[in-house]
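Enquirer: Chain by chain, the residues run as shown.
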Amino acid sequence: MTILPADLRKVSVFQHATDDDLKLLLERSILRSIEEGGFFFFQGDPAKYLYVLVAGRAKLMQSSTAGQQVNLRTISEWQMFGALGAVRADAIYPATAQALEASTALAIESAFWREMMQTRPHLSFDLMQLMTGYIQEMQERYRELATEKVERRIARSILRLTAQLGLKNADGNIELALTRQDLAEMSGTTIFTASRVLAEWERNGLVETGRERVVLCKPHSLVQIAEELDES
Amino acid sequence: MDRTPPQLHTSVHDTLTDWPETASLFRAFKTACIGCYLARFCSLLDVADTYHIQPETLMEAVRKATQDSNLLIRSER
Chain A
1 MTILPADLRK VSVFQHATDD DLKLLLERSI LRSIEEGGFF FFQGDPAKYL
51 YVLVAGRAKL MQSSTAGQQV NLRTISEWQM FGALGAVRAD AIYPATAQAL
101 EASTALAIES AFWREMMQTR PHLSFDLMQL MTGYIQEMQE RYRELATEKV
151 ERRIARSILR LTAQLGLKNA DGNIELALTR QDLAEMSGTT IFTASRVLAE
201 WERNGLVETG RERVVLCKPH SLVQIAEELD ES
Chain B
233 MDRTPPQLHT SVHDTLTDWP ETASLFRAFK TACIGCYLAR FCSLLDVADT
283 YHIQPETLME AVRKATQDSN LLIRSER
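In order, the protein sequences belong to chains A and B. For the first sequence, my numbering gives the first residue as 1, with consecutive numbering after it. For the second sequence, my numbering gives the first residue as 233, with consecutive numbering after it.
Because the hints were derived from the structure by calculation, they are not lab data. Hints are supplied without guarantee of correctness; some may be wrong.
Straight-line distance between alpha carbons at most 30 angstroms, and here's what the computed DSS-like set of lysine-lysine pairs gives [what the hints assert, rightly or not]:
id, chain 1, residue 1, chain 2, residue 2
1, A, K59, A, K149
2, A, K168, A, K59
3, A, K218, B, K262
4, B, K262, B, K296
5, A, K23, A, K59
6, A, K168, B, K262
7, B, K262, A, K149
8, A, K218, A, K168
9, A, K168, A, K10
Note that the structure is predicted; figures quoted are calculated from it, not measured.
Turn these sequences into a full structure, and let the hints guide you.
Expert: Below is the structure:
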């Protein structure tokens, strides 16, 4: 697989990078390919590299000491992940990154990226944009967990993922690759509750579920549940 | 040159991105389209259908909003 400097413009953190920045980054990075189910890094490892996914799909998950897993986010192509070491030299990865399908990522040494950012404020600002976006999203999810009904949380998780990863299928419906386990973890509930809610929505014609996928048959009804809107 | 105004099949996302001045009409019709996660997937026809608005009425409002803006662009030249 050949990655060109221009390809890196698709990464939000590199959108204001100069051509020389991108060339330098490519020279100093390595490509890592991971089979489906394999890992880019584990929670607790020193954050020596940051990654840019160039092919495939990966998920970031965090485990509690009791072994319970929470899915934090799904990473799609040209998204950066594991960038904590770029800010703090002694950072450890707070989550595990697992490939959901055969995936390839560009690994950039955190120390090198830290050095680059010191003389290139545009790169720091773009990384801050990414980080503040994540913080806002996490605040929103925390509020949802603390205050909202489970149906609303599940609807919102589906819609949030749809905005990131949804595709229109041949019938014109929106389709999303998603397991019930992932949905439950993202919504802060159990797989049993997620399955019960999905089954109820399926009975009412809102969604169709299949193996690792959800089809949104009445997407606006999910918006109504997520946002507690009146029937339009 | 005038920009091509949104059509019935144009997505809400593209409409709002290319013609931010249409935001007020989405509010006027009391839709939840602004900031909606599905804006990329819904066309103006979907909006008309979902909110029981006559497509002609919606497109007339879109035309008015975008026409005013094109006039503005011309007068600024």
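Enquirer: For the pair supplied as a hint, K59(A) and K149(A), confirm whether the alpha-carbon distance does not exceed 30 angstroms.
Expert: Holds, at about 25 angstroms.
Enquirer: Would you mind confirming whether the straight-line C-alpha gap from K168(A) to K262(B) stays at or under 30 angstroms?
Expert: holds (26 angstroms)
Enquirer: For the pair we were handed, K168(A) and K10(A), check the Cα-Cα distance against 30 angstroms.
Expert: holds (22 angstroms)
Enquirer: With the threshold set at 30 angstroms, check whether the alpha-carbon distance from K218(A) to K262(B) stays at or below it.
Expert: Distance of about 19 angstroms is within 30 angstroms: holds.
Enquirer: Is K218(A) within 30 angstroms of K168(A), Cα to Cα?
Expert: It holds: about 13 angstroms lies between the C-alpha atoms, which stays within 30 angstroms.
Enquirer: With the threshold set at 30 angstroms, check whether the alpha-carbon distance from K168(A) to K59(A) stays at or below it.
Expert: Answer holds: K168(A) to K59(A) is near 22 angstroms, not above 30 angstroms.
Enquirer: Given the proposed pairing of K262(B) with K296(B), does the C-alpha separation stay at or below 30 angstroms?
Expert: The hint holds at about 18 angstroms.
Enquirer: Are the Cα positions of K23(A) and K59(A) separated by 30 angstroms at most?
Expert: holds (28 angstroms)
Enquirer: Do the alpha carbons of K262(B) and K149(A) lie within 30 angstroms of each other, as the hint requires?
Expert: The hint holds at about 25 angstroms.
Of the numbered hints listed earlier, not one is contradicted by the structure.
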